[in-house]
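Once you've looked at the hints, dock chain B against the given chain A.
Line by line, the protein sequences are chains A and B.
As numbered in this note's numbering, residues 1 to 287 make up the first sequence, in order.
As numbered in this note's numbering, residues 1 to 339 make up the second sequence, in order.
Incorrect hints may appear among the rest.
Claimed, not checked - Among the chain A residues that face chain B by a calculated CB cut under 8 Å, a handful are:
(1) A129
(2) M133
(3) P143
(4) Q147
(5) V149
(6) D171
(7) T245
(8) M258
(9) Q263
(10) E271
(11) L282
Stated by the list, open to error - Ranges of calculated distance between the beta carbons of each label pair, as one might list FRET restraints:
(12) E259(A) to A83(B): 25 to 35 Å
(13) A140(B) to D44(A): 53 to 63 Å
(14) S215(A) to A141(B): 49 to 59 Å
(15) A140(B) to I227(A): 51 to 61 Å
(16) R257(A) to V237(B): 42 to 52 Å
(17) M275(A) to A330(B): 51 to 61 Å
(18) G191(A) to A83(B): 49 to 59 Å
(19) Y182(B) to E122(A): 19 to 29 Å
(20) D211(B) to E122(A): 41 to 51 Å
(21) G191(A) to H215(B): 34 to 44 Å
Because the hints were derived from the structure by calculation, they are not lab data.
For each residue, glycine too, the CB sits at the ideal point set by N, CA and C.
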Amino acid sequence: MRNWLRGSISLAAIGGVVTVLFMTTAPIAAQPQAYRAPRLIGTDNPDLNGIWQALNTANWDIRPHAAGPSPFPDLLGAIGALPAGQGVIEGNEIPYQSWAQDKQRENFENRLTRPSDRPTNEVAGDSEAKCYMPGVPRATYMPFPFQIVQTPGQVFIAYEFASAARIIHMDSEPPSPAPSWMGWSIGRWEGDTLVVEVTDQVDKTWFDRAGNFHSDALRVTERYTPITPNHLRYEALIEDPNVFTRPWTITMPLYRRMEPDVQLLEFKCIEFAEMFMYEHLLEPSSE
Amino acid sequence: MNARVFKPATALLMGFLAQAPVAGQDTDAWAPGRTAWGDPDLQGVYTFSTQTPLERPEGLGNKETYTERELAELEAQAAERRATDEVAAAPGDLGASYNAYWTSNEKGQLVARTSLIVDPANGRLPPLTERTQEIHDERAAELASRQVGEPPFVYTRYATWLDHPAYTRCVARPMPRIGQAYNHGLQILQTPGYVVIYYESMHDTRFIPLDGRPHIDSSIRQWNGDSRGHWEGNTLVVDWRNFTDKQEFRGLGLPQGNMRFVERITKVGQNTIEYEVTVHDPMTWTQPWTFIAPWRADDPNYQTPVDLYEFGCHEGNYRMMENSLNGSRASREANTETE
Numbered sequence: 001m002r003n004w005l006r007g008s009i010s011l012a013a014i015g016g017v018v019t020v021l022f023m024t025t026a027p028i029a030a031q032p033q034a035y036r037a038p039r040l041i042g043t044d045n046p047d048l049n050g051i052w053q054a055l056n057t058a059n060w061d062i063r064p065h066a067a068g069p070s071p072f073p074d075l076l077g078a079i080g081a082l083p084a085g086q087g088v089i090e091g092n093e094i095p096y097q098s099w100a101q102d103k104q105r106e107n108f109e110n111r112l113t114r115p116s117d118r119p120t121n122e123v124a125g126d127s128e129a130k131c132y133m134p135g136v137p138r139a140t141y142m143p144f145p146f147q148i149v150q151t152p153g154q155v156f157i158a159y160e161f162a163s164a165a166r167i168i169h170m171d172s173e174p175p176s177p178a179p180s181w182m183g184w185s186i187g188r189w190e191g192d193t194l195v196v197e198v199t200d201q202v203d204k205t206w207f208d209r210a211g212n213f214h215s216d217a218l219r220v221t222e223r224y225t226p227i228t229p230n231h232l233r234y235e236a237l238i239e240d241p242n243v244f245t246r247p248w249t250i251t252m253p254l255y256r257r258m259e260p261d262v263q264l265l266e267f268k269c270i271e272f273a274e275m276f277m278y279e280h281l282l283e284p285s286s287e
Numbered sequence: 001m002n003a004r005v006f007k008p009a010t011a012l013l014m015g016f017l018a019q020a021p022v023a024g025q026d027t028d029a030w031a032p033g034r035t036a037w038g039d040p041d042l043q044g045v046y047t048f049s050t051q052t053p054l055e056r057p058e059g060l061g062n063k064e065t066y067t068e069r070e071l072a073e074l075e076a077q078a079a080e081r082r083a084t085d086e087v088a089a090a091p092g093d094l095g096a097s098y099n100a101y102w103t104s105n106e107k108g109q110l111v112a113r114t115s116l117i118v119d120p121a122n123g124r125l126p127p128l129t130e131r132t133q134e135i136h137d138e139r140a141a142e143l144a145s146r147q148v149g150e151p152p153f154v155y156t157r158y159a160t161w162l163d164h165p166a167y168t169r170c171v172a173r174p175m176p177r178i179g180q181a182y183n184h185g186l187q188i189l190q191t192p193g194y195v196v197i198y199y200e201s202m203h204d205t206r207f208i209p210l211d212g213r214p215h216i217d218s219s220i221r222q223w224n225g226d227s228r229g230h231w232e233g234n235t236l237v238v239d240w241r242n243f244t245d246k247q248e249f250r251g252l253g254l255p256q257g258n259m260r261f262v263e264r265i266t267k268v269g270q271n272t273i274e275y276e277v278t279v280h281d282p283m284t285w286t287q288p289w290t291f292i293a294p295w296r297a298d299d300p301n302y303q304t305p306v307d308l309y310e311f312g313c314h315e316g317n318y319r320m321m322e323n324s325l326n327g328s329r330a331s332r333e334a335n336t337e338t339e
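One chain only, chain A, in its complex shape (with noise of 0.2 Å):
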């Protein structure tokens, strides 16, 4: 009696794990399709054509975190603090190797560290504080707008934050040129999914603020399902074997613009980044 019991628990158990393993592998197909989308005119693929933007403050944290002060508590006041969040990670952590984790501290200790000559710009700070393109995922959920233009043969993606853009080359597996700041993008349909598979990033750019971070190794798979008419469910899944014990996913979903006449505007922010990036390279003395 007693090893039946623990035998069917054990088999309970191992049918709990396979559903796991199965929602994990397959968490799109195992929700119910219940929203169909409008098609695309002229394709058999849903259209996601339109202004898109997160709402949540993954840029500032993908982790869950608590609010915090500004940087700059003592010129900004309240202006510029962290806002609380409950991050974006399925499981809430993020698989480091040790020494990795180590790192991310020290990214976030540094992160505003100005460059005083190019080896310090090319390995310290927050790549957004330079304006540099943010790269994938991070581009998505920036606190900027994105829009989607799909035509009936390519999807291309282009982002408020820097003016940057990448084309996802769908239904072809184009080699990539040269390692990118916004990666190399293949994109396929799988049904009412669009999914793109994303390598060949710069090691420099992060996840975030706080100093997540990722190798040149970095590998990307974004999964963009309608689900309703004015919401997306963005989900990516991050590997890389360089820095991380095991591949691991953010979600969450993406809003439509709905403001009239709503369209991207311009956030050129070069030319607000050219004081902190080049400040120590003028005369010491005025003129």
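Only chain B this time, still in chain A's reference frame:
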């Protein structure tokens, strides 16, 4: 009509037209395809580079076009220049640092016209207004005051990054883009209600809404302005305004804040878009003027979206800024010592 029958017939027609690009230049004989929602289809990868100058060379008077023989001679000269330059410059040969070895085959073809400007009839920019001539002269004098050395080794001193044009700071490219020696690819994408122009250089995207909405408020000024489009037959007509004064026309010290461009973008053949722009700015020029430039789809360097590289300009600009500011200071200090 059965779609399956229709498609091969269309493909056959397109194939025929692709083989006859010269006949395709004739707007009466050629019409672009249509998107699934019925707009004229301009989509594709193009280059806007051309060797034809914006202004007609002095001395050509009212000569609007070259003869076939003259054109062949000019093309032969260009090919010769490329062949001469198409070897790596010797280390330290600063004069050759931006030669055709770098921009090899990048400058596009000549069109038969002697200038891109078609109006005024002399093919040249109209005179500047007094106000703008003053701004322009001040800018030119200021720049000259920072230059030392003799051609071809003129060196410009930069006390701050703001002494560099927006182009070198990687902030923006002058708009509209008229020729460019490198990274002059662009892609046109279309969705219901939009035409989108993506420029490889500076990864700038222009969204052109077609729904008749008003321009953004005039208080919002942008490096790349604000575009609104509509179709006139097969031509996309774009009203382009709301530029910031920080944007300078062709980088020449002509602030763009009052400029309004009317673009007329027409696909006139399988491989050619005719890009016509009329420039309106009574504060800058004494009369409106118009240029027509070719956007070509037959440049072997720009055939598909794969050919558009990420233009990480600012991301790679730190060393340039460091060297130019440190170099300027060293040059000034050396001069102070000798004086």
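Now the hints, each set against the structure:
1. Because the smallest distance between the Cβ of A129(A) and any Cβ of chain B comes to about 13 Å, over 8 Å, the interface hint for this residue is violated.
2. Against a cut-off of 8 Å between C-beta atoms, the interface hint on M133(A) holds, since the closest Cβ of chain B lies about 7 Å away.
3. The beta carbon of P143(A) is not positioned within 8 Å of any beta carbon in chain B (closest approach about 19 Å), and the interface hint is therefore violated.
4. Among the interface hints, the one on Q147(A) holds; its C-beta lies about 7 Å from the nearest C-beta in chain B, closer than the 8 Å criterion.
5. Interface restraint check: V149(A) against chain B, minimum CB-CB distance 5 Å, threshold 8 Å, status holds.
6. At a threshold of 8 Å, the smallest CB-CB gap from D171(A) to chain B is about 12 Å, leaving the interface hint violated.
7. Violation of the interface hint for T245(A) is found here, the shortest Cβ-Cβ separation to chain B being roughly 30 Å, above the 8 Å cut-off.
8. With a cut of 8 Å, the hint placing M258(A) at the interface with chain B is violated, because the nearest CB-to-CB distance is about 14 Å.
9. Because the closest C-beta pair between Q263(A) and chain B is about 6 Å apart, less than 8 Å, the hint holds.
10. Interface restraint check: E271(A) against chain B, minimum CB-CB distance 6 Å, threshold 8 Å, status holds.
11. Annotation: interface hint on L282(A) holds; nearest CB of chain B at approximately 6 Å, less than 8 Å.
12. For E259(A) and A83(B), the hinted distance range of 25 to 35 Å is not satisfied, since their beta carbons lie about 56 Å from each other.
13. Roughly 59 Å separates the CB atoms of A140(B) and D44(A), a value that falls within the hinted 53 to 63 Å.
14. Between S215(A) and A141(B) the CB atoms are about 51 Å apart, so this pair conforms to the stated range of 49 to 59 Å.
15. A140(B) and I227(A) have their C-beta atoms about 58 Å apart, which keeps the hinted 51 to 61 Å range intact.
16. Between R257(A) and V237(B) the CB atoms are about 27 Å apart, so this pair departs from the stated range of 42 to 52 Å.
17. Between M275(A) and A330(B) the beta carbon distance is about 22 Å. The supplied range of 51 to 61 Å is therefore violated.
18. Range check, G191(A) to A83(B): Cβ separation about 55 Å, and the 49 to 59 Å hint holds.
19. Separation of Y182(B) from E122(A) is about 24 Å and conforms to the stated range, judged on CB atoms against 19 to 29 Å.
20. Taken as a hint, the range 41 to 51 Å holds for the pair D211(B) and E122(A), whose Cβ atoms sit roughly 45 Å apart.
21. Between G191(A) and H215(B) the C-beta distance comes to about 40 Å, which sits within the given range of 34 to 44 Å.
Going down the numbered hints, you'll see the structure goes against 1, 3, 6, 7, 8, 12, 16 and 17, while the others check out.
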